[in-house]
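Peer 1: Take a look at the letters that make up each chain.
Protein chains: 2
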Amino acid sequence: MRYPNGSRKRTANTSTSPPSSKKDYSNRGMTLEEDINAANMYYVARNLASVHKKPTPVQIVNVDYPKRSAAVIKEAYFKQASTTDYNGVYKGYHVDFEAKETRNKTSFPLSNIHEHQVTHMEQVTNHCGLSFIIIRFSPLEETYLLESKYVLDFWKSKEKGGRKSIPHAFIKENGYHIPFHFQARVDYLKALDKVLAKLEEDEHV
Amino acid sequence: MRYPNGSRKRTANTSTSPPSSKKDYSNRGMTLEEDINAANMYYVARNLASVHKKPTPVQIVNVDYPKRSAAVIKEAYFKQASTTDYNGVYKGYHVDFEAKETRNKTSFPLSNIHEHQVTHMEQVTNHCGLSFIIIRFSPLEETYLLESKYVLDFWKSKEKGGRKSIPHAFIKENGYHIPFHFQARVDYLKALDKVLAKLEEDEHV
Chain V
1 MRYPNGSRKR TANTSTSPPS SKKDYSNRGM TLEEDINAAN MYYVARNLAS VHKKPTPVQI
61 VNVDYPKRSA AVIKEAYFKQ ASTTDYNGVY KGYHVDFEAK ETRNKTSFPL SNIHEHQVTH
121 MEQVTNHCGL SFIIIRFSPL EETYLLESKY VLDFWKSKEK GGRKSIPHAF IKENGYHIPF
181 HFQARVDYLK ALDKVLAKLE EDEHV
Chain X
1 MRYPNGSRKR TANTSTSPPS SKKDYSNRGM TLEEDINAAN MYYVARNLAS VHKKPTPVQI
61 VNVDYPKRSA AVIKEAYFKQ ASTTDYNGVY KGYHVDFEAK ETRNKTSFPL SNIHEHQVTH
121 MEQVTNHCGL SFIIIRFSPL EETYLLESKY VLDFWKSKEK GGRKSIPHAF IKENGYHIPF
181 HFQARVDYLK ALDKVLAKLE EDEHV
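As you go down the protein sequences, you meet chains V and X in turn. Just so you know, we're using full-length UniProt numbering here: the first sequence kicks off at 1 and counts up by one. Just so you know, we're using full-length UniProt numbering here: the second sequence kicks off at 1 and counts up by one.
The shape of chain V in the complex, shown without the other chains (with noise of 0.2 Å):
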């Protein structure tokens, strides 16, 4: 993570680990889910907003019902989400995301994300949600927030045999920083406050 003066912050579980400027990422210990999760826990104990991730989808098969315990799961499998994984409400607002992380420094893959979250992120988009990803450059240590609408373009464009993937600068560009918070982590409601404020400027043009 960068911070505005330039230094970087360690967690405390990384202060026994050997210094290392290539493993720091790692050493964190935490993905950008992890992050995110922190960031949501503490957005609802700080009554902000109320953001979850939603749960893995499982087809469960077989069940084992042992007399006075709890019931096993003995069979089950993964199902894709049919949706993103994130959702919630922020001043009103219906906020829809999904979170990626990549060890490209130049571009996100569009590989990254699935059809039908594309089309998910469009339903959204269309009954006026806040519908955005959240990309992580792991190499980087950048975080971004970047709204569907971006996504969607360039998804459209890939199926006309476009380019495959969303370039670094057009993210710095288009996207807005998330900021670390020592607390919140991935502090992406500061992020998302400066997409509302440019949604109230169009507005008011």
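Simulated from the structure, these hints should not be mistaken for lab results. Please note that a few of the clues may not be correct.
All copies of an identical chain are treated as equivalent in the list; a pair is satisfied when it fits inside any one copy or across any two copies.
Unchecked claim - 25 Å max Cα-Cα, derived BS3-like pairs, lysine-lysine: (1) Lys149 - Lys198; (2) Lys79 - Lys67; (3) Lys172 - Lys79; (4) Lys149 - Lys100; (5) Lys172 - Lys190; (6) Lys172 - Lys156; (7) Lys105 - Lys190.
Take the given structure of chain V and dock chain X to it, following the hints.
Peer 2: Positioned in the frame of chain V, the structure of chain X alone reads:
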């Protein structure tokens, strides 16, 4: 299901069952959950709203990864949901609800709802989402939409030693009857439109 003209319709899969008014509901073979899932599919197909049921939360303990075939979950447990079951977006509004059936005829027992769900309803309401429950009185074949603010009132009263259920008469008076729609089945958006009309009316007073 009651129809405006007082007649009753049967779905195709009931035609082979012997006629019996007592068995009507079970003959239809559709639980409230199945009806709502059908409604949500209909709404998405008609581009009216984007509302989905959240997957059942499962704690996965042991997964087998056989060669050349899909991963098999060998041990998992049901977790208690920390939110309500359904949410999505309609006309720019964040929609969040829980669906409950009761075999009672005169009241809806509050024991059908968990404390963390009540907390969640309160949070969604605070952030200006449309929070409600869909209640079906199975023996009466009546389904209602009741805004969470009423549920919260009864819940708080219960905690102070008040009654442990919401009377059917109260729900009929303050909730919105959900009409049956052949394709949408529980056509709750119709009831939600009345909630929205009331909200707009209140804003202009």
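Peer 1: All hints, please: hold or fail.
Peer 2: Checked hints:
1. Proximity of Lys149 to Lys198 under the C-alpha cut-off of 25 Å is restricted to the intra-copy arrangement: shortest distance 14 Å within a copy versus 33 Å between copies.
2. Taking the closest pair of Cα atoms, Lys79 and Lys67 come within 25 Å of each other only across two copies (18 Å); inside a single copy the shortest separation is 29 Å, beyond that limit.
3. For a Cα distance limit of 25 Å, the shortest separation of Lys172 from Lys79 qualifies neither inside one copy, at 33 Å, nor across copies, at 39 Å.
4. Taking CA atoms no more than 25 Å apart as the test, Lys149 paired with Lys100 passes inside one copy only; the shortest distance there is 17 Å, against 36 Å between copies.
5. Taking the shortest alpha-carbon separations for Lys172 and Lys190, only the intra-copy value of 16 Å comes in at or below 25 Å, while the best inter-copy value is 43 Å.
6. For the homomeric pair Lys172 and Lys156, the shortest alpha-carbon distance inside one copy (21 Å) is at most 25 Å, but the shortest distance between copies (48 Å) is not.
7. In the homo-oligomer, the alpha carbons of Lys105 and Lys190 lie at most 25 Å apart inside one protomer (24 Å), although the nearest pairing across protomers, at 49 Å, exceeds that limit.
The earlier numbered hint that this structure contradicts is number 3, and it is the only one.
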